[in-house]
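Asker: Chains as they are written, first to last, in this note's numbering: chain A, 1 to 225; chain B, 1001 to 1455.
Bear in mind the hints are in silico, worked out from the structure with no lab data behind them. Treat the hints with caution; some may be incorrect.
To be verified - DMTMM-like mimics (lysine to aspartate or glutamate), calculated; alpha carbons at most 20 Å apart, straight line:
| # | chain 1 | residue 1 | chain 2 | residue 2 |
| --- | --- | --- | --- | --- |
| 1 | A | K68 | A | E107 |
| 2 | B | K1326 | A | E192 |
| 3 | A | K201 | B | E1375 |
| 4 | A | K201 | B | D1274 |
| 5 | A | K201 | B | E1106 |
| 6 | B | K1401 | B | D1452 |
| 7 | A | K101 | B | D1274 |
| 8 | B | K1124 | B | E1106 |
Stated by the list, open to error - Some chain A residues near chain B, calculated using beta-carbon distances under 10 Å:
| # | residue |
| --- | --- |
| 9 | V88 |
| 10 | N92 |
| 11 | T141 |
| 12 | K143 |
| 13 | R144 |
| 14 | A147 |
| 15 | R154 |
| 16 | F180 |
| 17 | G181 |
| 18 | S183 |
As the list claims (entries may be wrong) - Which bits of chain B does chain A cover? Going by a derived footprint, with three or more residues having C-beta under 8 Å, they are:
| # | stretch |
| --- | --- |
| 19 | 1317–1324 |
| 20 | 1336–1346 |
What you are looking at is a predicted structure, and each value in this text was computed from that prediction instead of being measured. All C-beta atoms, glycine included, are put in the ideal place defined by N, C-alpha and C.
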Amino acid sequence: MKILLVEDDQETADYVTKALSGEGHMVACIADGAEALDRSLAEPWDMLIVDRMLPELDGLTLIKEFRKQDTATPILVLTTMSGVHDRVEGLNAGGDDYLSKPFAMVELSARVQALSRRPLRIGPDTVLRLADIEMDLISRTVKRCGAPIVLQHREFQLLEYFLRNANSLVTRTMLLEQVFGFSFVPRTNFIESHISRLRNKISRPGGPELIHTIRGSGYIASTSL
Amino acid sequence: MRILRMTSFRSTLLYAATFLLSVSALAWTVIWFVDSSVAQQIDTTVANEVSEIQADAGVINPAAVMRVVAGMIEHSPGTYYLLENGSGHTVASNMGQLDRTTGIREVSLAPRTSGGQRIRIRGKGVILPDGCFLFVGMSVQERTQMREALVHLFLWVGLITILLALATGFVVSGQILRRIETISQTSRRIMSGNLHERITLRGVEDEFDHLAVSLNQMLDRIQELMVGLQQVSSNIAHDLRTPLTRLCHKLEAVKRRDLTNDEMHEFLDGATGDANAMLETFSALLRIAQIESGKQRSHFAPVDLAALVGVLVDGYQVVAEAEGRKLTYTGGRRLDMVGDEQLLMQLVANLIDNAIAHTPEGTQIHVSAYRWSSELGEIIRVTVADNGPGIPKARHQDVMKRFFRLDASRSSRGNGLGLSLVQAITNLHAGTFCLEDNQPGLRCILDLPIGDVPG
């Protein structure tokens, strides 16, 4: 992917650039907001990663200006502010996801992965599939090997999120934010409990495990792991 | 002089001046009244005398009038008579001569009886039908004396008033000054480091005692906050030192060369976990500070608390079940209020989290949310009650404190900031939060004013 990173903190910029290019992406890094706006509109990008606090032009304004020209390219907003509402403000400005510093690189690359899939999501698919699981988004039913599985609303949303992001890492905070709408991290094993219940519901005797735990990072829905 | 600059003394002077002014006004009125009534009395007496003389003598007999007047002159000292015949010759007199002016008047002359001394005489002159002029008068000496006596009296009263006012002013100001001095001395001692000093009460329950009580309470509160702050800083230090030490140990361990790849990863994962725990503590502190600054009120919007709590309980039931607790919910159908949805969610989630984390397996946790009318106005009361071991009543206040944990070894999970956050969010919504004994167990009671709900 061609990624434009707009970040004025040299250390973070280096760290992110190194990690993303290590994952096979092409990364261009600009520290100045105004310059970044020019560059972002000058050529096509697969994704923008924008820090909120920038010299010359602040991140939110940059995003708003960019969105006037381009509504499709996914944008990930970064910030040092960790207020509950920063996320909402970032998303309102036209960002697609939001990550507050300090963050783990795993978290960033998982979100980059998830964002890059977004165009597929808007596509005409009404049925999501992974191995022998089939999810019909119109009738809101789930089948495994053709046998129906009864899921509650939240379990359905959880599974839908996994299927949409099949084969890539999904972190706990991503699930909390995007499936449960939590802007905080519960102390109890909140996500773990929900995952384990979902696993029980979709498991098939002798069948392969579909949702895998990646220790210290999150989960991956995949047939091969 | 310091006492002259004092407000209390200046107001004493003002009072004294006002009082003196009213005394003068009173004195003037009294003197004028007494003086004129004495004059009136003289006039009446004199008029009576004139008519009496006329009556005694008969109207048209000048010789008889002369006899009567002559008799009067002999028998009534202090009264002055003058009788002149039609041609202006004095017929009988004990006061010298006068012109023939009729009516009431005051004259000043030296009668033979007074031995040449001039006296003031007030009297009445009449022309008798036969052309004779008769004047009857009385000395106004008594009247003058009385007036002088009154003036003297009031001068003395005025003087005493001023002296008393000044003396009282000095004494009262002095007392006030002393008590203010006590307070400022105490505050100087406190400033110089004796934080335990308090202003001594006189026990008379006057304004100064009230002031002293308020100031002492303020000092208590400040001291409490300072102790709290010290406690918090040492707690932060303690809470961060432990994971930092562990982090260091793990990083040291990674440096060893004989580690297998798996072992190294384990150490690194552990190190990341330690660092994350510290970050979480800082985030929680920042979040509390941010909420306490009150800025978040800008995110207030209508929220249906019934839906919010419902969704949370729904989400947490799975957790409770996995942890071997039972979570139930009863509540109103729609509980509209104005608040910060994200923060309220975090608040309720925190209470449920606590109930799950701090109770043994098999505990029943019940959440309820209903609307009430209370002294706070219309409120929504959210309760989270469990039948676990509870918290001793004496510790209810303690657990609200920042970084406080019942587990003194601080080894259990959590950072001791949960209820501080709850408290901060509750305060932001102008609500109240308290803990109660659920017999058995703990009941958290959260009262939130519904605010200005539209519609």
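Asker: Hint by hint, note whether the structure agrees.
Answerer: A quick look at each hint next to the structure:
1. Taking the CA atoms of K68/A and E107/A, the gap is about 29 Å. The hint is violated against a cut of 20 Å.
2. Restraint check for K1326/B and E192/A: the C-alpha separation of about 17 Å stays at or below 20 Å, so the hint holds.
3. Distance hint between K201/A and E1375/B is unfulfilled; the C-alpha atoms sit about 49 Å from each other, more than 20 Å.
4. A C-alpha spacing of about 34 Å is found between K201/A and D1274/B, which places the hinted pair above 20 Å, so the restraint is violated.
5. Taking the CA atoms of K201/A and E1106/B, the gap is about 129 Å. The hint is violated against a cut of 20 Å.
6. With a C-alpha separation of about 31 Å, the suggested pair K1401/B and D1452/B falls outside the 20 Å cut-off, and the hint is violated.
7. Simply put, K101/A and D1274/B have alpha-carbon atoms about 17 Å apart, close enough for the 20 Å limit, and the pair holds.
8. For the suggested pair K1124/B and E1106/B, the alpha carbons sit about 9 Å apart, so the restraint of at most 20 Å is met.
9. About 8 Å separates the beta-carbon of V88/A from the nearest beta-carbon of chain B, less than 10 Å, and the hint is met.
10. At a threshold of 10 Å, the smallest CB-CB gap from N92/A to chain B is about 12 Å, leaving the interface hint violated.
11. Given the 10 Å rule on beta carbons, the hint for T141/A is violated: about 21 Å separates it from the nearest Cβ of chain B.
12. Interface hint status for K143/A: violated, as the beta-carbon distance to the closest one in chain B is roughly 23 Å, over 10 Å.
13. The beta carbon of R144/A is not positioned within 10 Å of any beta carbon in chain B (closest approach about 20 Å), and the interface hint is therefore violated.
14. The beta carbon of A147/A is not positioned within 10 Å of any beta carbon in chain B (closest approach about 23 Å), and the interface hint is therefore violated.
15. The beta carbon of R154/A comes within 7 Å of a beta carbon in chain B, closer than 10 Å, and the hint placing it at the interface holds.
16. Because the beta carbon of F180/A sits about 6 Å from the nearest beta carbon in chain B, less than 10 Å, this interface hint is met.
17. A cut of 10 Å between beta carbons decides the hint on G181/A: the least distance to chain B is about 8 Å, and the hint holds.
18. Taking 10 Å as the C-beta contact cut-off toward chain B, the hint placing S183/A at the interface holds, the least distance being around 5 Å.
19. Counting residues of the stretch 1317–1324 of chain B whose CB lies closer than 8 Å to any CB of chain A gives 5, so the stated coverage by that chain holds, three being the minimum.
20. Counting residues of the stretch 1336–1346 of chain B whose C-beta sits closer than 8 Å to any C-beta of chain A gives 5, which meets the bar of three, so the coverage hint holds.
Going through the hint list in order, the structure does not satisfy hints 1, 3, 4, 5, 6, 10, 11, 12, 13, 14.
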